[in-house]
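Novice: As given, the protein sequences belong to chains A and B, one line each in that order.
Counting from 14, one number per residue, gives the positions in the first sequence under my numbering.
Counting from 7, one number per residue, gives the positions in the second sequence under my numbering.
Hints in this document: simulated from the structure, not taken from any laboratory.
Mixed in with the good hints, there may be bad ones.
Claimed, not checked - Below, simulated EDC-like cross-link-like pairs (lysine to aspartate or glutamate); rule was C-alpha separation at most 16 Å, straight line:
| no. | chain 1 | residue 1 | chain 2 | residue 2 |
| --- | --- | --- | --- | --- |
| 1 | B | Lys157 | B | Asp91 |
| 2 | B | Lys15 | A | Asp67 |
| 3 | B | Lys144 | B | Asp22 |
| 4 | A | Lys165 | A | Glu136 |
| 5 | A | Lys166 | A | Glu108 |
| 6 | B | Lys15 | A | Glu30 |
| 7 | B | Lys268 | B | Asp252 |
| 8 | B | Lys157 | B | Asp206 |
| 9 | B | Lys234 | B | Asp252 |
| 10 | B | Lys147 | B | Glu166 |
| 11 | A | Lys165 | A | Glu103 |
| 12 | B | Lys15 | A | Asp82 |
| 13 | A | Lys158 | A | Glu108 |
| 14 | B | Lys59 | A | Asp67 |
| 15 | B | Lys45 | A | Asp39 |
| 16 | B | Lys283 | B | Glu244 |
| 17 | B | Lys268 | B | Asp258 |
| 18 | B | Lys147 | B | Glu165 |
| 19 | B | Lys182 | B | Asp91 |
| 20 | B | Lys144 | B | Asp29 |
| 21 | B | Lys190 | A | Glu141 |
| 22 | B | Lys59 | A | Glu30 |
| 23 | B | Lys45 | A | Glu32 |
| 24 | A | Lys17 | B | Glu13 |
| 25 | B | Lys182 | B | Asp68 |
| 26 | B | Lys284 | B | Glu247 |
| 27 | B | Lys45 | A | Glu141 |
| 28 | B | Lys144 | B | Glu166 |
| 29 | A | Lys129 | A | Glu108 |
Claimed, not checked - Non-contacting residues of chain B with respect to chain A, defined by C-beta distances greater than 12 Å in every case (computed):
| no. | residue |
| --- | --- |
| 30 | Ile41 |
| 31 | Ser92 |
| 32 | Asp106 |
| 33 | Asp206 |
| 34 | Arg280 |
As the list claims (entries may be wrong) - From chain B, some residues computed to sit far from chain A (all C-beta separations above 10 Å):
| no. | residue |
| --- | --- |
| 35 | Gln108 |
| 36 | Asn111 |
| 37 | Thr171 |
| 38 | Phe189 |
| 39 | Gly238 |
| 40 | Lys283 |
C-beta atoms are modelled at their ideal positions from N, C-alpha and C, and glycine is treated no differently.
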Amino acid sequence: MANKISVTVNGTTHTGEVEGRVLLVDYLREHLSLTGTHIGCDTSSCGACTVHVDGKAIKSCTMLAAQADGASVTTVEGLSSNGELHPIQEGFKEEHGLQCGFCTPGMMMTATDLLKNNADPSEQEIREALEGNFCRCTGYHNIVKSIQYAAKKMATTA
Amino acid sequence: MIPTSFEYKNAGSVADAIGMLGDDGQILGGGQSLIPALKLRLNSPGVLVDISKVDAIKGISDNEKSITVGGGATHASIASNADLDSAAPMLVQAAREIGDIQVRNRGTIGGSIAHADPAADWPAVLLASDANVMIQNKDGKRTVDIDQFFKGFYETALEEGEVITGISIPKSGFNKNSAYAKFKQPASRFAIVGCAAAVDIDGGVVKEARVAMTGVSECAYRVTAVEKALVGKALTAENIEAAVGDVTEGRDVMSDHYASEKYRTHLASVYAKRALKKLL
Ligand SMILES: Cc1cc2nc3c(=O)[nH]c(=O)nc-3n(C[C@H](O)[C@H](O)[C@H](O)COP(=O)(O)OP(=O)(O)OC[C@H]3O[C@@H](n4cnc5c(N)ncnc54)[C@H](O)[C@@H]3O)c2cc1C
Ligand code: FES
Ligand code: FES
């Protein structure tokens, strides 16, 4: 019952076969060894598994790999380019946006979706956008600052 | 957990999907309710028929007398639709408050009403909007009046082998003047209680009102007592206070660790008033 799929992940096209029940997150982690995308829960709640599919943030634990056939996927590994950190990565570094780091990949993928649709979000809008991403360490304060840092940086370099 | 084994089929059209279902098939929409259930092994279909790539049922089209929202339209696409924002703002308000960005990017309106979670937002909003549910099956198409759609706890008028292709929202005076208010479960944002209110005002008085609740009982329902009490009067804070009594009368009010029966009953009246007062 395998399904042939062809998925472009961080710009590289991968073709292979997956069983119907394989979740996108397991495909990324187990089949492609892209372990930057984390699994934090079994209930579609925590957002640690957030990636972009065709440019939109989604929970990769709540989508089948077979559904991503033909799609373009971006994971946290695809954020930096030419060895340079993405502004959101720089923001988390500069503003101490992480402690244990478990939630960080998902936080950054949700934040980049937000910044694409709203280049200058208010603090309230940032907090609302993070509704689907849980952090058990930071209390969110520095995560918000990291996203504000990235918004500023992206505005000046755009 | 990993779901039990099933065969995945990608449908190219609605007719295709209906043909693929067979005896043991289930439709996969946005997957935001079904995939969590598969992972908990609460559900174990033999075949999953994916309709998430059927573009024909994803759009939102503005017709002369109504707006048709595709059964596969995502919550996010509804949240950013300007036509709906002017013709029936409660739909846009509700869409913006569903779950989180990630859930809104995949979850669909058709999937939500097919699932009929007692705490879902769409059932109340669509009851208040006097919507029609457009359904396709192997014999053809049929339309169900939203007042006949929700039958009970996760129970609807949808039969085996049917697909919701669209929801038709009338362009009416009451939809133009409508609002949604909910008390959210803090983690998931599902409605502990939610109220959708749509009120047509003509010559300074209420001509027609539709008020519906979700989260309160086994399924969403209209509060006809409040609707009747509003008609013929001016829509003022005092008249709203007077019209909204116990909006749970005759209902089996749910009690859980988020809200006891007594607290939920209280919240239901508070949120019915809040939704109506948004229209002042
Ligand atoms: C973290 C989280 C938070 C959420 N918060 C909220 C919230 O605040 N408010 C709220 O209302 N909901 C909430 N939801 C649920 C969400 O709105 C789902 O998108 C919705 O309940 C189901 O839609 P779906 O397209 O994802 O359907 P699926 O999960 O794919 O399917 C659900 C059911 O509907 C059937 N189905 C799907 N599409 C169709 C169709 N077109 N025709 C016939 N049958 C169909 C399937 O067979 C299945 O039985 C939340 C979900 C999650 C994971
Ligand atoms: S692992 Fe996907 S939401 Fe928690
Ligand atoms: S930094 Fe530890 S969970 Fe967020």
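Novice: So which of the earlier hints does this model not fit?
Specialist: Numbers 1, 2, 8, 22, 27, 29, 30, 32, 35 and 36 - these are the hints that the structure violates, sorted from lowest upward.
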